[in-house]
Amino acid sequence: MASITETYLPRLSSRQAYLDYLDGYAVDRADELRVTKLKKALVKTYLFETMAQDHQAPDAATAFQDAGVILDRVDDSLFTARPRGEQDIWGLVELLERRHPVLYTLLDSQSAQRWWHNIIHASPWLDRVWLSAPIFTALWDYVHRTSPLHRFSKLTFEYEARFELDENGWDVATQGEEGDETAEEELEFIEPSDEADQRPERRSSRCTLVERVSEIQARLARLQEVYRPFHSITQLRIPAPSRGGHDFYFDGRVTNRSDSFLDHRQQVGFVLRLYRGATESAEQALWMSAERTGDEATEAYRLHGAPVVMRFSDPLSGGVFERWMSAMFARRSRFRLWGNPISLGPNHLHVYGVDRHLWQPIYLEFTRRHALAILPKGTCGNTVHRLVTNVQRFVDAEVKTWIGETEYSSVVNRSLTTRAR
Amino acid sequence: MTGSALRDPIYQLNFVLWMLEELPPAAPTRPFLRQMGYTLHSLGGSLPMPPELRVRLADLNLEARQAPAPDVLASRRGSTEFLVVECKAASFGAGSSTAHQARALLVVSADLRGPLGLPALPEISGVVSYLLPEPDSTALEATVHELAQELEGARLPTAPFAVLGFEERSDGVYLLDRHPPTGLPPDVEESISDGVRIHEVFEGETGRRLYLIPWDPSVSQTPEERQFCQRILFERVLAEALALAGRAPAPGEVHLPMDILLDRATFTLARRWRARQDIKHITQTIHRFLRGTIERHPRKFATRWDAMTRTLVVSLGSAEEHGDLLRALEEGQPAEWLKGRDMQQPELFEDEGER
Chain A
1 MASITETYLP RLSSRQAYLD YLDGYAVDRA DELRVTKLKK ALVKTYLFET
51 MAQDHQAPDA ATAFQDAGVI LDRVDDSLFT ARPRGEQDIW GLVELLERRH
101 PVLYTLLDSQ SAQRWWHNII HASPWLDRVW LSAPIFTALW DYVHRTSPLH
151 RFSKLTFEYE ARFELDENGW DVATQGEEGD ETAEEELEFI EPSDEADQRP
201 ERRSSRCTLV ERVSEIQARL ARLQEVYRPF HSITQLRIPA PSRGGHDFYF
251 DGRVTNRSDS FLDHRQQVGF VLRLYRGATE SAEQALWMSA ERTGDEATEA
301 YRLHGAPVVM RFSDPLSGGV FERWMSAMFA RRSRFRLWGN PISLGPNHLH
351 VYGVDRHLWQ PIYLEFTRRH ALAILPKGTC GNTVHRLVTN VQRFVDAEVK
401 TWIGETEYSS VVNRSLTTRA R
Chain B
1 MTGSALRDPI YQLNFVLWML EELPPAAPTR PFLRQMGYTL HSLGGSLPMP
51 PELRVRLADL NLEARQAPAP DVLASRRGST EFLVVECKAA SFGAGSSTAH
101 QARALLVVSA DLRGPLGLPA LPEISGVVSY LLPEPDSTAL EATVHELAQE
151 LEGARLPTAP FAVLGFEERS DGVYLLDRHP PTGLPPDVEE SISDGVRIHE
201 VFEGETGRRL YLIPWDPSVS QTPEERQFCQ RILFERVLAE ALALAGRAPA
251 PGEVHLPMDI LLDRATFTLA RRWRARQDIK HITQTIHRFL RGTIERHPRK
301 FATRWDAMTR TLVVSLGSAE EHGDLLRALE EGQPAEWLKG RDMQQPELFE
351 DEGER
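Going down the list, the protein sequences come from chains A and B. According to the numbering used here, the residues represented by the first sequence are 1 to 421, in order. According to the numbering used here, the residues represented by the second sequence are 1 to 355, in order.
Since the hints were made in silico from the structure, they are not lab data. Errors might be hidden in some of the hints.
Said to hold, decoys possible - Some, not all, of what chain A presents toward chain B, calculated at C-beta under 8 angstroms: (1) W287; (2) S289; (3) G345; (4) W359; (5) Q360; (6) E365; (7) L372.
The beta carbon of each residue, even a glycine, is placed where N, CA and C say it ideally should be.
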């Protein structure tokens, strides 16, 4: 086993030296992977959203420092990173894409994820990047159009009927909300041991498909047709040019399993540009605001902005709707929303609330058939990606989403097409 | 949903706005006006009467001092057609004070070029469209018809008009046209026909959609509807206060400026209220609510009131104190706080709250 000291980064003098170091490291790891003798950690990358559109937001470097990360400048966009109070270099932060810094680290998965969670939890200006199923679907389209068809790729599908009763008829979704305030999503990465795994049994699917690109492409649509959870893609491997690939996860984690850090960095940049394009298009369409038209005397206003509409593939059962709504606004709910629900009927709820992670307002409507969200101007579009990702994973794997009149998937595809030009 | 919502001007205004929203076919609301090519031109703007018409109305002893201000003005893409939408709780008679406004609206809408500052040619008239609960549409249609004939008889320009009804049925809220032909474009009238469902409603739901406009203190409402709207406004204010507090540094200060909170909670439309002297009273009430909410927490926060900027400032000594402030605000209950309070009635010793 590698010791923790081997997973810190050395002190080097320049960007080039760091990139060379990580590239060489990647080659070594790929060789070890090939002979299944992996001794050291892989390069892990974590993607951030920074609320760059908010004029009150600090710049990305300040946001990290406020979250307890000491950044030391390598050049204008690359920094070494360590937790406050530590001397060793735990990782590198690169301002790879406007509003989306990334953290590269060689720490083992658990240490790296704990650090990442702590950073996000400590700052209202930093969030994960949320890769929803429509974003993965667009990325899959990119993979099968650009990768040799004989190469292997990997897709993971994940769906858990979180708000259905367990097999004994117990309501497990709403238990324990008032205890530990750590959000469910933050506990999720810690896999319980077999002995400690007391998770309730309920309808859930998690399956990973490792196959040649041509095979996946030939069968994916049919799989999705016969079994809905196949719509809920939560992980995708983008094959690297020579061997291995880059594993992207729904919550903004990426693992480099290729032999090239430089290719890894390029793929990460590509996905972030796609993501930024989709987020900014969504924000442009969604942001609700009013502006005065004409002169002071006429006092006329014009209202701009459109809602997000989510239509469930089938109406939720009354029980699922009730349990989801009562869990939705609990302090430790993974949806991270606050609001006083206004009940208009047993199947109808309005909430004029707040995204508790980013502390930005959001107005929501829920019925058993749909969810609708209004984003007041300034509320980050990342909130929409998080909502879609969580609904797809825990409520309805086949949920359809629109940004105003346009399908969310079209917004994502348009961004991909724009990037590809 | 009770029938009183259909008669409520804020519900009706939001109903019209949802008909103009960008929505997909799968949405629970059909944006009928948008589908017919209309987009929102302006909300609540007044239409200044051209001077020549003022003289002629004055000669006929008809009220023309105040510029009429329809609730919504919508324009149709690719044409010069305008809808001048006025929502009403109930019908009114030709002798009522509301009929004076109706006459002015019919006259001024006959040519919107001057009132809207549009180019000189060609003439652009709007269709004055009244919307009200269906049982009353027949009576109002008769009234507006009478007013239009009276104006035409006096050789005053008169805009075409329509009187449309709302109706709540078991499966949704409908828009009806019971009095064709109206002044509406034929394709719009044909599409409404015997009724077009705007809000789809299933068992256990109501025809209320999210309120884009939460409240307007100048509007006359039933106590229940006023309470409902005030609650929405206060929920939105609380959300804005939490947003400011959540992103504040700790240690440091949280600044809660009352005017900005109200501005944000209403998409800035509260600025329209200023002329009506309502804003100060409402921000004072918001201040009392937020201060009361913070003071309910066991921790004693250090607060001060900055009278110059009308800002409640909370000093935070630590991250723990910051967490407690967020908890205190999260536990705010506008519905409970508003019980028995009516913001349209200033409270005794109101200014004492701002210390």
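(message) Check the structure against each numbered hint from earlier and tell me which ones fail, lowest number first.
(response) 1
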